[in-house]
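Visitor: Build out the structure end to end from the sequences listed, making use of the hints.
So you can see what is in the structure, the chains are spelled out below.
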Amino acid sequence: MSQLDYTTDEMMTVEASRQLKHEDVCFVGIGLPSAAANLARLTHAPEIVLIYESGTIGAEPDVLPLSIGDGELADTALTVISVPEIFRYWLQGGRVEIGFLGAAQIDRYANINTTVVGVRKSKSAVAGSGRSAGNCGASRPSLHHTPSEPKGLRRQARFHHIGRLPRRGRRTGAFGSSRSGADKGHHRPRRHDPRSDDARTDPDAASSRRHR
Amino acid sequence: MAKIMPLADAVGAFVKDGDTVAMEGFTHLIPHAAGHEIIRQGRMDLTLIRMTPDLIYDQLIGMGAARKLVFSWGGNPGVGSLHRFRDAVERGWPRPLEIEERAPADMASSYASGASGLPFAVLRAYAGTDIPKQNPNIRRITCPFTGEILAASLSIRPDVAVIHAQKADRKGNVLLWGIPGVQKEAVLAARRAIVTVEEIVDDLGVDPARNAVILPSWVISAVSPAPGGAAPSYAHGYYERDNSFYKKWDAIARDRDTFVAWMREHILETKGFDGFLKSQAETTHVAA
Chain D
19 MSQLDYTTDE MMTVEASRQL KHEDVCFVGI GLPSAAANLA RLTHAPEIVL
69 IYESGTIGAE PDVLPLSIGD GELADTALTV ISVPEIFRYW LQGGRVEIGF
119 LGAAQIDRYA NINTTVVGVR KSKSAVAGSG RSAGNCGASR PSLHHTPSEP
169 KGLRRQARFH HIGRLPRRGR RTGAFGSSRS GADKGHHRPR RHDPRSDDAR
219 TDPDAASSRR HR
Chain X
3 MAKIMPLADA VGAFVKDGDT VAMEGFTHLI PHAAGHEIIR QGRMDLTLIR
53 MTPDLIYDQL IGMGAARKLV FSWGGNPGVG SLHRFRDAVE RGWPRPLEIE
103 ERAPADMASS YASGASGLPF AVLRAYAGTD IPKQNPNIRR ITCPFTGEIL
153 AASLSIRPDV AVIHAQKADR KGNVLLWGIP GVQKEAVLAA RRAIVTVEEI
203 VDDLGVDPAR NAVILPSWVI SAVSPAPGGA APSYAHGYYE RDNSFYKKWD
253 AIARDRDTFV AWMREHILET KGFDGFLKSQ AETTHVAA
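Top to bottom, those sequences are chains D and X.
Using the working numbering, the letters of the first sequence correspond one by one to residues 19 to 230.
Using the working numbering, the letters of the second sequence correspond one by one to residues 3 to 290.
Quick caveat, the hints were computed from the structure, so don't treat them as lab data.
Yeah, the Cβ is synthetic: ideal placement off N, Cα and C, and Gly gets one too.
Between beta-carbon pairs, the in silico distance windows are:
#1 R266/X with R36/D: 49 to 57 Å
#2 R193/X with R126/D: 45 to 53 Å
#3 V32/D with P218/X: 45 to 53 Å
Chain D regions said to be covered by chain X (calculated; three or more residues, Cβ under 8 Å):
#4 65-77
#5 81-90
#6 98-104
To list a few chain D residues with every Cβ distance to chain X over 12 Å, as calculated:
#7 Q21
#8 L22
#9 D23
#10 T25
#11 E28
#12 M29
#13 E33
#14 R36
#15 Q37
#16 E41
#17 L57
#18 L60
#19 T61
#20 H62
#21 E115
#22 R126
Guide: If you want it as structure tokens, here you go:
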């Protein structure tokens with residue numbers, strides 16, 4: 019195929035949005051997952067309930083939020099509650115059917131790493147688990163994690179923030195933009211990151227970096 | 003009872019070197035003015051706690067005020083990494099930073115258990131994850147009724163909580179609304195609390211439809227007027243989030259020298275948050 023007129027991220031966004039249904043109650047992460055969830059709301063799933071970690075339940079933003087706590091979300095929400103409440107009553111309480119979140123790395127077993135790039139003790143890049151680790155394994159949602167770059171797909175995730183994605187729920191899955199792993203079929207990455215190759219083909223490549 | 007006092011006095015009286023400090027705010031109502039004042043007064047060896055550390059913690063860490071960070075997600079929302087935070091963790095600049103990572107559900111629950119006077123929070127989390135191996139403050143507990151294995155997480159009980167709110171009355175009762183975050187729990191879990199406010203009014207004029215949170219004066223140490231004090235985050239009903247500044251911060255913080263020069267010009271060499279806002283306005287004007 020010659021040059022495509024859409025990006026891999028846009029392709030993932032569209033594909034992710036198609037996983038959402040009219041009757042879903044969806045916990046939404048910022049960035050690509052938020053774009054996908056709102057795309058679903060504005061197209062085929064207008065009745066979908068979107069919940070952001072900031073405590074905004076039933077948000078219907080007119081512009082995509084830059085952060086999960088944007089005023090736009092509070093202004094358009096059915097109700098706004100505290101953060102402990104969102105985690106305890108709504109996520110842990112099992113009131114959410116599906117979660118759309120981002121991740122740094124996903125491996126072939128669907129283990130997810132949201133923080134550690136490199137070997138943890140070797141002083142690594144840091145973001146933190148974000149919403150993922152606490153609630154994903156804990157509550158009922160099926161999960162769709164979306165590593166936004168080819169290098170996010172690994173043979174072995176460096177650090178497990180979340181164990182394997184839950185099996186129940188037919189729609190559980192991981193989206194990625196690499197040729198291997200979670201490739202959804204016909205699309206190809208526009209740019210290829212050679213750094214992703216060593217880790218994909220050589221499970222020891224990750225640990226060898228420790229000695230660098 | 004809360005004392006109403008200038009922010010510099012409140013920080014001087016209630017934030018000490020070595021303290022565990024929780025400055026909360028969820029995109030909304032982030033206490034930037036108070037953070038700047040802590041930097042101006044040169045506090046050191048702080049253990050900083052925050053569910054979602056962003057720019058103000060990047061500034062505190064970059065200036066060497068912190069020795070440890072307890073957090074669940076650190077970043078410049080929608081923009082990218084916190085470069086000063088990463089530099090401290092990855093290269094120990096300007097000093098090494100210890101990190102304690104927890105899940106956000108854990109932090110929210112551990113603030114709530116701290117506010118409840120309980121030793122730990124119980125939650126159904128961390129199954130299959132590596133986080134508890136890294137963090138001795140997260141352990142397993144068996145439910146005495148069902149035998150289910152659950153996570154027990156040490157309560158968060160900061161020495162000081164620092165938050166920003168929209169209003170206080172003259173007795174120091176505080177009102178905030180909009181996205182309430184975890185600020186109420188942070189204040190009630192802490193031994194001392196400083197609240198900066200947009201304005202001090204005779205009557206809070208509570209509108210129950212606005213999801214109002216009220217913190218009574220007797221759970222607060224100090225209330226300090228700081229108009230605009232959440233900027234560049236926002237205060238619902240007062241001003242919007244300055245998204246352009248969050249994007250600009252990426253370039254400022256990426257380089258050590260640029261960062262230090264910016265901190266010197268806009269924070270160390272300005273007086274109070276008014277001075278900071280003025281120097282920002284001047285720079286923006288020149289840039290335009």
